[in-house]
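Assemble the dimeric complex from its two separately framed chains, guided by the hints.
Residue numbers (our numbering), protein chains in the order written: chain E, -15 to 351; chain X, 5 to 167.
Derived by calculation from the structure, the hints in this document are not laboratory data. Note that CB positions come from ideal geometry on N, CA and C, so glycine has one too. One thing to keep in mind: the hints can contain errors.
[As the list claims (entries may be wrong)] Which chain X residues stay away from chain E? Per the calculated CB distances, all over 10 Å, these: (1) E14; (2) P91; (3) A108; (4) Q111; (5) R123.
[Said to hold, decoys possible] Going by beta-carbon spacing under 10 Å, a handful of chain X positions derived as facing chain E: (6) I6; (7) L34; (8) R44; (9) Q45; (10) F50.
[Stated by the list, open to error] Chain E stretches covered by chain X per the calculated footprint, using a threshold of three residues with CB under 8 Å from any CB of chain X: (11) 104 to 115; (12) 308 to 314.
In case you want the letters, here they are:
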Amino acid sequence: MTGVLLVYYLLLLLLITGAGLLLPRMQRATLPFGVRIPPDRVGEPLVAACVRTYRRRLLTVAAVLLGIAVTAALTVDSVWLGVATVLLMVLAIFAAFLGARRILKQAKETEHWYAGADQHVVADTGLRTQPERFPWLWAVPAVVLLLATAVLGIIRYPELPSMIATHHSLHGPDRFAPKSPLTVAAPVLVQAVVDALVIGIVALSLHARPDLDPSAPRRSSAQHRIFVRRLSRVLLVLLACLNLGMLLIWSQLWSVLPPSPWVLLAAFLIDIVGIATVLVVSVRSGQGGSRIAVPGVESAEHPGAAARDDDRYWRAGMFYVNRDDPSIMVPKRFGVGWTVNFGNPWGVLVLLGPLVIILGIVLLVRH
Amino acid sequence: MIIELDLGGEVPIYQQLRDRIVEAIADGRLTEGSQLPSTRQLATDFGINFHTVNKGYDLLRQQGLLRLNRKTGAVVQRDARSGPPPPDLLPDWTARARTLLAEAVAQGCQGTDVLDLCRDILAAFQAAPGDSDATHTGATHTGATRTDSEATGTPAADPEDKP
Chain E
-15 MTGVLLVYYL
-5 LLLLLITGAG
5 LLLPRMQRAT
15 LPFGVRIPPD
25 RVGEPLVAAC
35 VRTYRRRLLT
45 VAAVLLGIAV
55 TAALTVDSVW
65 LGVATVLLMV
75 LAIFAAFLGA
85 RRILKQAKET
95 EHWYAGADQH
105 VVADTGLRTQ
115 PERFPWLWAV
125 PAVVLLLATA
135 VLGIIRYPEL
145 PSMIATHHSL
155 HGPDRFAPKS
165 PLTVAAPVLV
175 QAVVDALVIG
185 IVALSLHARP
195 DLDPSAPRRS
205 SAQHRIFVRR
215 LSRVLLVLLA
225 CLNLGMLLIW
235 SQLWSVLPPS
245 PWVLLAAFLI
255 DIVGIATVLV
265 VSVRSGQGGS
275 RIAVPGVESA
285 EHPGAAARDD
295 DRYWRAGMFY
305 VNRDDPSIMV
315 PKRFGVGWTV
325 NFGNPWGVLV
335 LLGPLVIILG
345 IVLLVRH
Chain X
5 MIIELDLGGE
15 VPIYQQLRDR
25 IVEAIADGRL
35 TEGSQLPSTR
45 QLATDFGINF
55 HTVNKGYDLL
65 RQQGLLRLNR
75 KTGAVVQRDA
85 RSGPPPPDLL
95 PDWTARARTL
105 LAEAVAQGCQ
115 GTDVLDLCRD
125 ILAAFQAAPG
135 DSDATHTGAT
145 HTGATRTDSE
155 ATGTPAADPE
165 DKP
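Isolated chain X, as found in the complex (with noise of 0.2 Å):
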């Protein structure tokens, strides 16, 4: 999987490390058990401090998404259908994205057009993920289906309707 960082953006670095890992779980490039490189040998790859990919990773490893190891690198925990969302993921990410939605609407979005917007986010998240680089271990699923990730994408839909 390619990982891209934009140096010159406004974004700190750990921050765009750890948007676009969760971005390839949503998608299914990674899926739960697939490996990723040690801490080392991700900075080494990047030329970028130790401690940048230390700080991206450790944001994953507190929403459950990563399992850190010193020696193997890190895995993916979970991905859209490794079951249900643990229950405190809702209010903390509903808060965040009516931040978003109302950064759309306060620059006069239309309710609709955003609406039609995240459908297709959630619909490319659903495509096969053809992109994947077989670095995937395989793991079994069981439980939830693909639908969960519809289930939580819903929420963003509700404070959308208020207004």
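Pulled out of the complex, with its shape left as it was, chain E reads as follows (with noise of 0.2 Å):
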């Protein structure tokens, strides 16, 4: 178990790391590390030393962790320093993005670097008008997979044991309560709030705002058009493979499969192969579908046309608080996808309502 589990960690550290090194390449070209910055800088030398600065540490920190990750899976028998290494590489990352981030908003600032900067907002109102549909057809392996749970669940609860564990450590389950409908459903029950959750995410995210390039917003709306298409396709099949990972787990604790360690390593690297995908695609597109190319379309409209220097509205580059914009999700300065607006009560909701729901649901079989 300990060593699955380590190979688990270990391969989930890796990917962290392939993805903060990759994170650079997804970010805008007028967006570096959160800052943003008129196009006429975009190819400030500062910025790609920034980007070698940022991957240097990383690659360095990646070094020190792997180390450690392989000497304990080698000689000291904990998990914990798997999940501590990954922890690590992820505070690492955000560590990273800030030491760059200080560095190109000082020079934005003391170089004034948006003075005189054109600045426009736009919008596409065919985005609105024409919205891109939920696709539901990509939401079924997922749907279906969880039914398939649910009924298993179902078929199996005559034969299982009177007692039911509710809490598993590395040795085996440690925790126990009386067998009852409830304590069977309930993992099942968070299993499915959250797949609902991820899916309202999904829905929500293609009506969220997209971030058009006033330089070349006809270009921007047809690649923001392919982005939401293509990461609202790749999240559902994410959700498909933690699904049918913890249909396997499930499986073996209900005993249609046998104990084996193989059933688990199998069960997280179909989570891998799932994150792995949404990696693969988020730097295919870049934020936004930056990165995407779109034939037929001018790639230059409006040279010079900048966007609003909205920097302040960025709390350490991350958080989003802005009174004055109705919005609830917008789109990420660092990495792909969207965020919420804390500015806006709603966005507060969506963030804290899901931690509420599932929080409740484990309370309720707890007592």
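Take a look at the structure:
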């Protein structure tokens, strides 16, 4: 069990390091490390220097953490070291991002990069009057796998032991509760709530604000369409992968499959494949579809038109707080996808609501 | 249809929004029955205050160009082919055209040059709406033909001829 988990965390560490190294490729040219720069500063050598420093820092940390993780895997029988290395890698990515952001922000301010920039905002009404539809067909595998899990639980219920494990540690289950429909159904219920939330967020993201480039509104609008189409589909594929992994784990816990470490490993590998797919699509698309080639659209429609300098609404380059903006979800500045507007009560609800619901179910089962 | 707003300009944002939509109706990118996003959606897309968009839309509603609906958003109510202009349009419009032309004349622009410019602009409105992005719902037009916009355009020449 421990060996399987360590392999999982090693793979996760490699995947997160890879994602961290690729993040500068996914960001928009006018938003390096979360700093808004005008189009005429895109080729600035300082930006390239910041990318190099960022990558060098990540590689150094990754080498150290990988060494720790492998040593841990061979000597100490502890998964916590694996978990710790993954968390530390995530922290290292944020730290390197903030470091690069500080340097660029300073240069932008002292050298007045945005002074005299022609600031515009653009919208494409077509994205609203003819929005992208939710890809229901792509949600079918995830939903079918979830329903299969529920049906399996109902079929196996009479055969299950009178005490049900409600908590698992490395050495197997360590907390039990008397068998009841609720104790058996609760984990699947949590999974169903998570699935519903993911589907809801994907549906919301289709209507989130597009970050159109004022120097190329037509091109970036076309890119946005392809981007949301791709991202919504790949997130539903990820959901199907996670549900398949969970189905394997439940099959073993409910004694449909024989106990074997290979089942857990297979489940984790399926998860990793799902996450890697999202990563590949993200890198190929770039944030907001900025890396997607759109043939037949003029590349620079309004050269020189800069986006609004909205840095002041981004705390630490990651948290968007703007009370004047009615948006609930806005495009992320670091990474691919969306984040919430903390200045909008609905944005906070979208973020906290799911956590409250899941905590509620967990507490209900515990008592 | 792409709408672009200049945040650094002197023209208020609601006015720019109103102007861009009027221009889109004139050049055929928007026609009678075309859908526009709701106030909230458009404000979200621009990342600007809801009331700013509301103000721009309201100007268009007052001029009979837009029909507003809380749920379905906004619908273009008329275009160049929807019949003769409302009778109260011309006096007010002539006054504004007069001011605009006076600005050119006061700065030394020649009458013929100004007239040529007006003709070019009107010709551009009349050019096929190749820019259109197929958001139109295909409203049927009755009555007047395209020449109507030319008719409403001609008064622009009148105050110009006098000096």
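Hint-by-hint comparison with the structure:
no.: 1; hint: E14; result: 13 Å, holds
no.: 2; hint: P91; result: 30 Å, holds
no.: 3; hint: A108; result: 25 Å, holds
no.: 4; hint: Q111; result: 24 Å, holds
no.: 5; hint: R123; result: 26 Å, holds
no.: 6; hint: I6; result: 5 Å, holds
no.: 7; hint: L34; result: 9 Å, holds
no.: 8; hint: R44; result: 6 Å, holds
no.: 9; hint: Q45; result: 5 Å, holds
no.: 10; hint: F50; result: 5 Å, holds
no.: 11; hint: 104 to 115; result: holds (count 11)
no.: 12; hint: 308 to 314; result: holds (count 5)
When held up to the earlier numbered hints, the structure conflicts with none and fits them all.
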